[in-house]
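Participant: Sequence:
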Amino acid sequence: MEKFSPDKKYIPFTYKMMIPYLILVLLTDLLVGYIAYTMLVESRTEMAETNVRTALKQTRSNIEYQTDEIKRMSNSLFLNTNFQNALQFRGNTLENMLKMRDDIVPYMKAPLQLYGNKLRLVLYTANEAMLEITGDDMSEPIGRSDYYVMSERVIENKEWFRSILTNNQDSLWMQADSDSRLGNISYFRKLVASNAAPSVIGYIRVTARIDELFGNFDTFPVDQGLELRLVDRVQGVTIYEQGTPDKPAKPDEYLIISEDIPIPGYVIEARVPHSYLNKDASRMQRAIGAVCTISFVVMAAIGFLVARISGKKIKRIVYLARSFQEGNFYKRIGFPGNDEFVYIANSFNQMAASIQELIRNVYVQGLQKKQAELDVLQAQISPHFLYNTLSAIVSLANLGEVEKVTKMVRGLSKFYRLTLNEGKVYISIENELEQVRMYLEIQRVKYAGAFEVYYDIDPEILQVPVIKLILQPFVENIFKHAWFGESIAIRITGRKLGDRIELKVIDNGIGMRPDTLRNMRSGSFQPGSYGLRNVEERIKLRYGNDYGIQIGSHYGAGTAVQIVLPVENAEIREVRE
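Per my numbering, numbering of the sequence shown is gapless, rising by one per residue and ending at 608.
In case anyone wonders, no lab produced these hints; they're calculated from the structure. Every residue, glycine too, gets a C-beta built ideally from N, C-alpha and C. Please note that the accuracy of each hint is not assured.
Stated by the list, open to error - Using 27 Å as the maximum straight-line C-alpha spacing, the simulated BS3-like pairs for lysine-lysine come out as follows:
#, residue 1, residue 2
1, Lys445, Lys511
2, Lys445, Lys477
3, Lys130, Lys88
4, Lys477, Lys527
5, Lys189, Lys149
6, Lys149, Lys88
7, Lys535, Lys571
8, Lys438, Lys527
9, Lys189, Lys221
10, Lys102, Lys189
11, Lys189, Lys88
12, Lys346, Lys455
13, Lys130, Lys140
14, Lys438, Lys346
15, Lys435, Lys445
16, Lys477, Lys435
17, Lys438, Lys477
18, Lys535, Lys477
19, Lys445, Lys346
20, Lys571, Lys527
21, Lys221, Lys130
22, Lys455, Lys445
23, Lys88, Lys102
24, Lys435, Lys511
25, Lys535, Lys455
26, Lys511, Lys535
27, Lys571, Lys511
28, Lys102, Lys130
As the list claims (entries may be wrong) - Here are the computed distance ranges between Cβ atoms for each label pair:
#, residue 1, residue 2, range
29, Lys149, Glu190, 22 to 28 Å
30, Arg175, Ser211, 29 to 35 Å
31, Glu602, Lys438, 20 to 26 Å
32, Arg531, Leu71, 54 to 60 Å
33, Tyr374, Lys571, 28 to 34 Å
34, Gln316, Tyr374, 41 to 47 Å
Let the sequences and hints guide you as you build the complete structure.
Facilitator: Here's what the structure looks like:
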């Protein structure tokens, strides 16, 4: 093996770790920077989008308010009986003029004066005797609020009017005549007489400028490249547009936000360029890049400083490890402070002091385990039990009890076959219980009906491997020490408790005095309790100190023995495989 030389040049581990450390710091800065940039851009985009949606909702509210006012204006005429009667009046020219002055014009002028924006209120009357009032030129933009009284014949040949009659439409918004060219929109509805059989006595048309319906654009940033449109959803055409983009852009460069309005078939639409949503991205990118660069430089400097300080301590630990490699466990190392290096140094020192003891403990434990297995081999063929059984067989043979002799010989044969188990240490719980049954069958020939046995075993645990000969010693102990009176009852239970198995052997025999029970619990087994001690030692050697036996007893009432075993460990898995 190559000897360690203090003069040999090598690269300290701490400096080697600097490369992945710097890469990790760089990747972390890039990741944090990317996440921060993405979140800021998303936040800015969401804020801008929220502002646009808010402005769009305000525009919708304004349109809703204006259209409701126009509908209320038409309702005031539609529900006015004096106005309806005046429209149906048929007199001479003077009478018609007076009726127009007194009962028609005032009702038309009043709502126009209350409405804030400029409107054209047109009345198309079916009464041919009604005089006409012509206001401003309707082919020109609306300059002021004005009213008109015209004959129905003026529009009867208009395509838009024939379409309304054909489809039996009423109370609708549309663009008629020059509305499209002038940027206007009209509300059209029928006037129906209510004093007789319902009949159409005329039509009302209220024309408004679309830009006045939208209101002002103080809350909508049309000056930053945004566009606001009124779209006819039925025909798929834009009938009004406000705002001009900074430069021509492709459709996928816009975020389109739409909002339904109270005018059926129409929707307002905002086209927001992505350049508006991300206008601060470059500035944020530069700021985040500068912060990440500063962070990387600072973390790199800290890393080099830590590597230099910790490298000295690691070098001393390396020298100590080399001395341990050479078999020198007497050297010690100490560091001031209370950091991880102090813990490592103390661990090295404790390790040096413990290695020899650990070697010795492992060696002794191996010997104890082998010795315990030898003990169980000796216990597998109990001369005392064998001699007593053979003696009983001879006595029964002399008495001519051939059937009992045959039964005892068969039981004895099967008992020792299960006990030997082909030399294997592990046996299934089912076979362990069968061994106990064979033992009890042999005893039943000797004791006749003087004892009863009850089994309460969970079928789930029957095939679990356990070390052999852990139940029979406790059952045998009952016949040796617990017999009290003319009969005795034995109960054997088994169940699974999580990752453990609990076996119990319970009898209603004489029990144990408190001092005897105390000695057994403390590990001071009494003479004649070799089987109990053997089971306890074998369980702990195989499974560990967390498993073993517990004994509970009341003098004059009986004894219960609890055996706790694991469901599975490395050795059991090997047995199953």
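Participant: So if I understand the rule, the pair passes when the alpha-carbon distance is 27 Å or less; does Lys571 with Lys511 pass?
Facilitator: 25 Å, holds
Participant: Within 27 Å, alpha carbon to alpha carbon, are Lys189 and Lys88?
Facilitator: 36 Å, violated
Participant: Between the alpha carbons of Lys445 and Lys511, is the straight-line distance 27 Å or under?
Facilitator: 22 Å, holds
Participant: Do the alpha carbons of Lys438 and Lys477 lie within 27 Å of each other, as the hint requires?
Facilitator: Answer holds: Lys438 to Lys477 is near 11 Å, not above 27 Å.
Participant: Can you let me know if the beta-carbon spacing of Lys149 and Glu190 is within 22 to 28 Å?
Facilitator: Distance hint for Lys149, Glu190 holds at roughly 27 Å.
Participant: Falls inside 29 to 35 Å, the C-beta gap from Arg175 to Ser211?
Facilitator: 21 Å, violated
Participant: Does Lys455 lie within 27 Å of Lys535 when you go C-alpha to C-alpha?
Facilitator: 24 Å, holds
Participant: Take a quick look at whether Lys435 and Lys511 sit within 27 Å of each other, Cα to Cα.
Facilitator: At roughly 22 Å apart (the allowed maximum being 27 Å), Lys511 and Lys435 satisfy the hint.
Participant: Is the straight-line distance between the alpha-carbon of Lys102 and that of Lys130 27 Å or less?
Facilitator: This hinted pair holds, its Cα atoms lying about 25 Å apart.
Participant: Holds or violated: the 54 to 60 Å window for the beta-carbon distance between Arg531 and Leu71?
Facilitator: 57 Å, holds
Participant: Are the Cα positions of Lys88 and Lys102 separated by 27 Å at most?
Facilitator: Distance ~21 Å between Lys88 and Lys102 Cα, so the pair holds.
Participant: Please work out if Lys189 and Lys221 have their alpha carbons no farther apart than 27 Å.
Facilitator: With Cα atoms ~16 Å apart, Lys189 and Lys221 stay inside 27 Å; holds.
Of the hints listed earlier, those the structure fails to meet are numbers 3, 4, 8, 11, 12, 14, 19, 30, 31, in rising order.
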